[in-house]
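Line by line, the protein sequences are chains A and B. The opening position of the first sequence corresponds to residue 3 in our numbering, with each subsequent residue numbered one higher. The opening position of the second sequence corresponds to residue 492 in our numbering, with each subsequent residue numbered one higher.
A portion of the hints provided could be inaccurate.
Claimed, not checked - Negatives, chain B to chain A, calculated, CB over 12 Å: (1) Pro531; (2) Gly569; (3) Ser620; (4) Ser624; (5) Glu650; (6) Arg658; (7) Val711.
Stated by the list, open to error - Stretch by stretch, here's where chain B covers chain A in the computed footprint (C-beta under 8 Å, at least three residues): (8) 16-25; (9) 67-76.
Don't read these hints as lab results, they were simulated from the structure. Note that the structure is predicted; figures quoted are calculated from it, not measured. For each residue, glycine too, the CB sits at the ideal point set by N, CA and C.
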Amino acid sequence: MKLRIVVTLKNGVLDQQGKAIEHALAGLGFSGVDQVRAGKVFELDVADGTSDAQIDEMCRKLLANTVIENYRVEKAA
Amino acid sequence: MKTAVIVFPGSNCDRDLAVALEEVTGKRPDMVWHGETELPDRLGLIALPGGFSYGDYLRSGAMAARSPVMRAVVDAAGRGVPVLGVCNGFQVLTEAGLLPGALMRNAGLDFVCRDVALTVENSQSLFTSRYRSGETLSVPVAHHDGNFFADDETLDRLEGEGRVAFRYGEAVNGSARSIAGILNAEGNVLGMMPHPERKIEAAHGGTDGRRLFEGLLEAVA
Chain A
3 MKLRIVVTLK NGVLDQQGKA IEHALAGLGF SGVDQVRAGK VFELDVADGT
53 SDAQIDEMCR KLLANTVIEN YRVEKAA
Chain B
492 MKTAVIVFPG SNCDRDLAVA LEEVTGKRPD MVWHGETELP DRLGLIALPG
542 GFSYGDYLRS GAMAARSPVM RAVVDAAGRG VPVLGVCNGF QVLTEAGLLP
592 GALMRNAGLD FVCRDVALTV ENSQSLFTSR YRSGETLSVP VAHHDGNFFA
642 DDETLDRLEG EGRVAFRYGE AVNGSARSIA GILNAEGNVL GMMPHPERKI
692 EAAHGGTDGR RLFEGLLEAV A
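Taking the hints into account, I'd like the entire structure generated from these sequences.
Set out below in structure tokens:
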């Protein structure tokens, strides 16, 4: 089973890198770009039958730092 | 006092810490590799050094916090053994859940490497008894991810319980409430971004870091 796990900073956590990217886009002449948030994407191939609870545990124990980050799990059809 | 320095792949201040500990305690610390599952007995201090453990893969300190030796460090901390994390060591302690909050990319995104003014907030702890509250020290920092973050509730609790050990006396990295070092609830775990082990001898340009180790030695020995 292929998974795509998207990790982003929580709302309210200032994203310094996102801010810098936003400024760089403005510097390249792209106007009207707002609220850029940088994040991470993990692609995993897990054994069929891996439970949602196990996937959730992988995210909480390692892939995301839940003090500052949210995660979202997408399963490939 | 017996001490141990944990060495992760990518640690680069392990020797600095070892030299400082030997200088102050008179005994060479045990250097413990990250793959070990047991620590030496009767340690007066476990020190987690600065550096770039595991190349800062995933998040600074994240991989190191899950290495085998950290289970032993968490157990020892739970039994009251003093634990000091400096720089990357602080990042490892937050990732391991021994300290609250997280250390994020510096505001301004620069790697900051210079002496900074550091204010002693709590001089009653195991690590800070040789300092005076409100005293300003000069201690070097060298980090990219030292921007301390915690939610307001956690920050209020840290301040209310006297768990902010050190605060920056100047703008350094954007840390919430200028926090540079914090203690756990029990007071036996300290994480700090500045490097006290780099201000031990006059030849370092100052000795403001030395009293941290001397105070601990006095308290533990």
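Hints and how they fare:
| no. | hint | verdict |
| --- | --- | --- |
| 1 | Pro531 | holds, 28 Å |
| 2 | Gly569 | holds, 19 Å |
| 3 | Ser620 | holds, 30 Å |
| 4 | Ser624 | holds, 28 Å |
| 5 | Glu650 | holds, 18 Å |
| 6 | Arg658 | holds, 19 Å |
| 7 | Val711 | holds, 30 Å |
| 8 | 16-25 | holds (count 4) |
| 9 | 67-76 | holds (count 3) |
Violated hints for the displayed structure: none, as all numbered hints are satisfied.
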